[in-house]
Amino acid sequence: MIGADAIVKCLVKEGVEYVFGYPGVAITPFFNSILDTDIKTILVRQEQNAAHEASGYARITGKVGVAVATSGPGATNLITGIATAFADSIPLVCITGQVNSNMMGSDVFQEVDVSGACESFVKYSYIVRKAADIPRIVKEAFHIANTGRKGPVLIDLPIDVQNQEIRKFEYPETVNIRTYKPTVAGHPVQMKRVIKELQKAKRPIICAGGGVHLSGAKEELRTFVENNDIPVVCTMMGLGALPTNHFLFYGMVGNNGQAYGNRAMNDADMIIMVGARVADRSVSQPDLITENKVLVHIDVDPAEIGKNAGPTIPLVGDIKHVLEEFNKSVITADYSLWIDKLDGYKDDTQNASRRKRHMFSSTLTEEEINALMVNPEIFIKHLSRAMKKDAVYVADVGQNQLWSCANCEIREGRFLTSGGMGTMGYAVPAALGAKLGAPDRQVVAVCGDGGFQMTMMELATMKQYNVPVKIVVLRNNVLGLVRQYQHFTYQDRFSVIDLGDSIPDFRKIADAYGIRYQQIAAVEDMDDGIAQFLADDEATLLEVIIDPKLVV
Amino acid sequence: MKRIYSVLVENRSGVLCKVAGLFWRRCFNIDSLAVGETEDKNVSNMIIVSTGDRRTLEQIEKQLNKKLDVIKVKTFDETESINRELMLVKVRYNRTNRKDIMENCEIMNASIVDISKSMMTIQICDTPERVQIFLDMLRTVSIIEIARTGTLALLKCAEQGK
Numbered sequence: 001m002i003g004a005d006a007i008v009k010c011l012v013k014e015g016v017e018y019v020f021g022y023p024g025v026a027i028t029p030f031f032n033s034i035l036d037t038d039i040k041t042i043l044v045r046q047e048q049n050a051a052h053e054a055s056g057y058a059r060i061t062g063k064v065g066v067a068v069a070t071s072g073p074g075a076t077n078l079i080t081g082i083a084t085a086f087a088d089s090i091p092l093v094c095i096t097g098q099v100n101s102n103m104m105g106s107d108v109f110q111e112v113d114v115s116g117a118c119e120s121f122v123k124y125s126y127i128v129r130k131a132a133d134i135p136r137i138v139k140e141a142f143h144i145a146n147t148g149r150k151g152p153v154l155i156d157l158p159i160d161v162q163n164q165e166i167r168k169f170e171y172p173e174t175v176n177i178r179t180y181k182p183t184v185a186g187h188p189v190q191m192k193r194v195i196k197e198l199q200k201a202k203r204p205i206i207c208a209g210g211g212v213h214l215s216g217a218k219e220e221l222r223t224f225v226e227n228n229d230i231p232v233v234c235t236m237m238g239l240g241a242l243p244t245n246h247f248l249f250y251g252m253v254g255n256n257g258q259a260y261g262n263r264a265m266n267d268a269d270m271i272i273m274v275g276a277r278v279a280d281r282s283v284s285q286p287d288l289i290t291e292n293k294v295l296v297h298i299d300v301d302p303a304e305i306g307k308n309a310g311p312t313i314p315l316v317g318d319i320k321h322v323l324e325e326f327n328k329s330v331i332t333a334d335y336s337l338w339i340d341k342l343d344g345y346k347d348d349t350q351n352a353s354r355r356k357r358h359m360f361s362s363t364l365t366e367e368e369i370n371a372l373m374v375n376p377e378i379f380i381k382h383l384s385r386a387m388k389k390d391a392v393y394v395a396d397v398g399q400n401q402l403w404s405c406a407n408c409e410i411r412e413g414r415f416l417t418s419g420g421m422g423t424m425g426y427a428v429p430a431a432l433g434a435k436l437g438a439p440d441r442q443v444v445a446v447c448g449d450g451g452f453q454m455t456m457m458e459l460a461t462m463k464q465y466n467v468p469v470k471i472v473v474l475r476n477n478v479l480g481l482v483r484q485y486q487h488f489t490y491q492d493r494f495s496v497i498d499l500g501d502s503i504p505d506f507r508k509i510a511d512a513y514g515i516r517y518q519q520i521a522a523v524e525d526m527d528d529g530i531a532q533f534l535a536d537d538e539a540t541l542l543e544v545i546i547d548p549k550l551v552v
Numbered sequence: 001m002k003r004i005y006s007v008l009v010e011n012r013s014g015v016l017c018k019v020a021g022l023f024w025r026r027c028f029n030i031d032s033l034a035v036g037e038t039e040d041k042n043v044s045n046m047i048i049v050s051t052g053d054r055r056t057l058e059q060i061e062k063q064l065n066k067k068l069d070v071i072k073v074k075t076f077d078e079t080e081s082i083n084r085e086l087m088l089v090k091v092r093y094n095r096t097n098r099k100d101i102m103e104n105c106e107i108m109n110a111s112i113v114d115i116s117k118s119m120m121t122i123q124i125c126d127t128p129e130r131v132q133i134f135l136d137m138l139r140t141v142s143i144i145e146i147a148r149t150g151t152l153a154l155l156k157c158a159e160q161g162k
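Chains as they are written, first to last, in the working numbering: chain A, 1 to 552; chain B, 1 to 162.
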């Protein structure tokens, strides 16, 4: 048995179903050995997408996603995907080929110090020096990736180590890393304090973040808030933690969130952050959420607690475990007045928000414009309502993402997006990975024409492996979010945002890749078009024409 | 605020780089850094002195603890620990200032460890403040080069029991 045999055997032991990757000389022993296993390999069209696909797969299955690339350019292409996963705490194991270990450091062909390059955005990295270490390293890597605060782990594997003989293969049963013992159970005293404060509170609110999904605590959260009538807001990463049409849900917070959600946070006398980072986009002024409030911060990563705002009660632990404990207590406090008030906020803003008018042209009437393009916000509302109850909605980055957050209805399904890094082009590959992870669920990727062009080569992967993802491209021939920024900040001095006339004909693109194409260009066709788009389980590219001058 | 971190790490290649990289990436200060093996050759002790506000200093400790190569982080104020720094300083001397230099050495308990016709190397091992005072005393002399270890620190015995 050689090192490469050992590593694929380890992957089998870990229950790996799919490996997303791209070959190259330095990783060929691995791809040779994988043929002897039942692991399915997905050949991506660019390595970055391998990491995104593994990420989509991991987020839907709760398992570790595996991405494999060769040394040098393969490894550097992977990096954006690794950083994206790190920012959203997605468990990945990324394996890169490396040049012969006795050549390392001498700048030979396709050599790059990938573990050095990734150091600040991996949870941990290994350079394997001898094949005998492989079983321990892989075991540790999977453990590290998918416990505590999850994240990507890199294994750099020199080609000679892959070819090195190992005498006996023994996969360790357990992991023992003396430097890594993540806290799972919350501190009982702190948990009691939280319940006590809740009992005293008049206006409590829970802010749910991505941690709720990562720890698989959706049910526990729902039980907790329904039993005690506690209102919930969420961050972008937390969307879907509670169904968006739930009677206790009061929207997304932050500078891209709903006004009533932010108002609820500001007026609360007790905020419980659950698996949320207090990041700049969700809480722009962290000092405000501690002022005259009881702030409880529950997170599995102690370093997140107190990083941006000093909590009254810090509580380190796994969200699922903590909420299970909370659900054992009874809170008798009555928050109905507070909830009435929040309902009022919601009605206020909904009445106040007039439908944004098209800005396309002042010479055309509303009707004439409606015949040329659709309003993306209304489109997303209708699309998400028409989607299956447990569907997966993957939003890309840009205006499409913000429209999605604000208008997408998530019931039993999931909302996936690159929230931390904001990596354009995430949606298509992540949706592909998600669909492989959950073949029975409907998976819809929504992107703009900019982001789509960054990763549209994955249409080939979709076709090759017959992965029926539904793709929506909101086309406005412009990089809308930057355009909007330049509109407000630089008084319409537009710079490098115009995708212009050279934007490809998406019908031909879809044709070229052998994917079904559909277009919606008028309001009256919208609902029929959506119904047709979602009618079956076939990969489809839906182009939706929208106004380039819209602002979010 | 000044804070001393005694960081026990796995003695593996790349660990120094990871720890230093953490300070760099998160914009934490390193005033000094001294690394050496402990009684266990698999474990190194890094003594890092840093300055910052309370929240930053707390973040440093938490972020260090997150590193998978870090076994244990102990932090303390200068008052809670015994702090020492070793400095070697090479100076040029002449007949007129030779005596002054030697006197200064005597006052500060420094010793001359190497000497030639026109140069001498002085060694001082003391608290970081006293090393600095000694260096200031030598300002009138022409200094050729200096090597300093940075602060080494161990928690005071009396504090250890607390």
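The reader is advised that the hints may include incorrect statements.
To be verified - No more than 20 Å apart at the CA atoms, straight line, and that leaves these computed lysine to aspartate or glutamate pairs for EDC-like:
id: 1; chain 1: A; residue 1: 307; chain 2: B; residue 2: 58
id: 2; chain 1: B; residue 1: 62; chain 2: A; residue 2: 119
id: 3; chain 1: B; residue 1: 18; chain 2: A; residue 2: 280
id: 4; chain 1: A; residue 1: 181; chain 2: B; residue 2: 10
id: 5; chain 1: B; residue 1: 66; chain 2: A; residue 2: 301
id: 6; chain 1: A; residue 1: 139; chain 2: B; residue 2: 58
id: 7; chain 1: A; residue 1: 130; chain 2: B; residue 2: 10
id: 8; chain 1: A; residue 1: 181; chain 2: B; residue 2: 69
id: 9; chain 1: A; residue 1: 181; chain 2: B; residue 2: 53
id: 10; chain 1: A; residue 1: 307; chain 2: B; residue 2: 10
id: 11; chain 1: B; residue 1: 18; chain 2: A; residue 2: 119
id: 12; chain 1: B; residue 1: 66; chain 2: A; residue 2: 160
id: 13; chain 1: A; residue 1: 307; chain 2: A; residue 2: 325
To be clear, the hints were calculated from the coordinates, so they are not data collected in a lab.
Now for the hints, and whether the structure bears them out:
Annotation: proposed proximity of residue 307/A to residue 58/B holds, straight-line Cα distance about 9 Å (limit 20 Å). The suggested pairing of residue 62/B with residue 119/A holds, with an alpha-carbon distance near 17 Å, which does not exceed 20 Å. The straight-line distance between the Cα atoms of residue 18/B and residue 280/A is roughly 26 Å, outside the 20 Å bound, and the hint therefore fails. Under the criterion of a C-alpha separation no larger than 20 Å, the hint pairing residue 181/A with residue 10/B is consistent with the structure, at around 15 Å.
Simply put, residue 66/B and residue 301/A have alpha-carbon atoms about 8 Å apart, close enough for the 20 Å limit, and the pair holds. Under the criterion of a C-alpha separation no larger than 20 Å, the hint pairing residue 139/A with residue 58/B is inconsistent with the structure, at around 32 Å. Only pairs whose Cα atoms come within 20 Å are accepted, and residue 130/A paired with residue 10/B is accepted, the gap being roughly 19 Å. This hinted pair checks out: residue 181/A and residue 69/B have alpha carbons roughly 12 Å apart, not beyond 20 Å.
For the proposed pair residue 181/A and residue 53/B, the alpha carbon gap of about 28 Å is over 20 Å, so the pair is violated. Of the supplied pair hints, the one linking residue 307/A and residue 10/B is violated, its CA atoms being roughly 26 Å apart against a limit of 20 Å. Under the criterion of a C-alpha separation no larger than 20 Å, the hint pairing residue 18/B with residue 119/A is consistent with the structure, at around 7 Å. For the proposed pair residue 66/B and residue 160/A, the alpha carbon gap of about 32 Å is over 20 Å, so the pair is violated.
Restraint check for residue 307/A and residue 325/A: not satisfied, since their Cα atoms lie roughly 25 Å apart, outside the 20 Å limit.
Going through the hint list in order, the structure does not satisfy hints 3, 6, 9, 10, 12, 13.
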